[in-house]
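Numbering-wise (the working numbering), the sequence shown opens with residue 1 and increments by one.
These are calculated hints, taken from the structure and not from any lab test. Note that the structure is predicted; figures quoted are calculated from it, not measured. Just so you know, not all the hints are guaranteed correct.
[To be verified] Taking lysine to any residue pairs in the SDA-like style, the calculated list, with each CA pair at most 20 angstroms apart, reads:
(1) LYS15 to LYS26
(2) LYS15 to GLN27
(3) LYS57 to SER45
(4) LYS26 to LEU14
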Amino acid sequence: MSFHSMLSVIQATLKKMDGHDSEDTKQSTADMTAFVQNLLQQMQSRFQTMSDSIITKNILFLSFIYLMFLPLE
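Kindly produce the complete structure, drawing on both the sequences and the hints.
Dropping the structure here:
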């Protein structure tokens with residue numbers, strides 16, 4: 001989901017909350033909470049993927065450096 005579409009969902013939910021009774025507001029709040037939780041889980045997953053990638057690249061790089069300076073016998 002792109003940032004623009006996420007922003008549209010948030011704006012639509014906030015508009016629903018204006019001028020509605022408490023039951024609609026509770027549902028809109030629950031929808032927004034679920035949306036934000038999902039968004040945070042996606043962000044956490046993407047950061048974890050990036051972190052894993054960086055760690056893997058560093059391990060490969062350090063292994064390469066180690067092998068380059070390993071004395072040949």
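For each hint, the structure was consulted:
The hinted pair formed by LYS15 and LYS26 meets the criterion: a straight-line CA distance of about 14 angstroms does not exceed 20 angstroms. Straight-line distance between C-alpha atoms of LYS15 and GLN27 comes to about 13 angstroms, which keeps the hinted pair within the 20 angstroms bound. Pair hint LYS57 plus SER45 holds up; C-alpha atoms about 18 angstroms apart against a cutoff of 20 angstroms. Proposed proximity of LYS26 and LEU14 is supported: the alpha carbons are some 12 angstroms apart, at most 20 angstroms.
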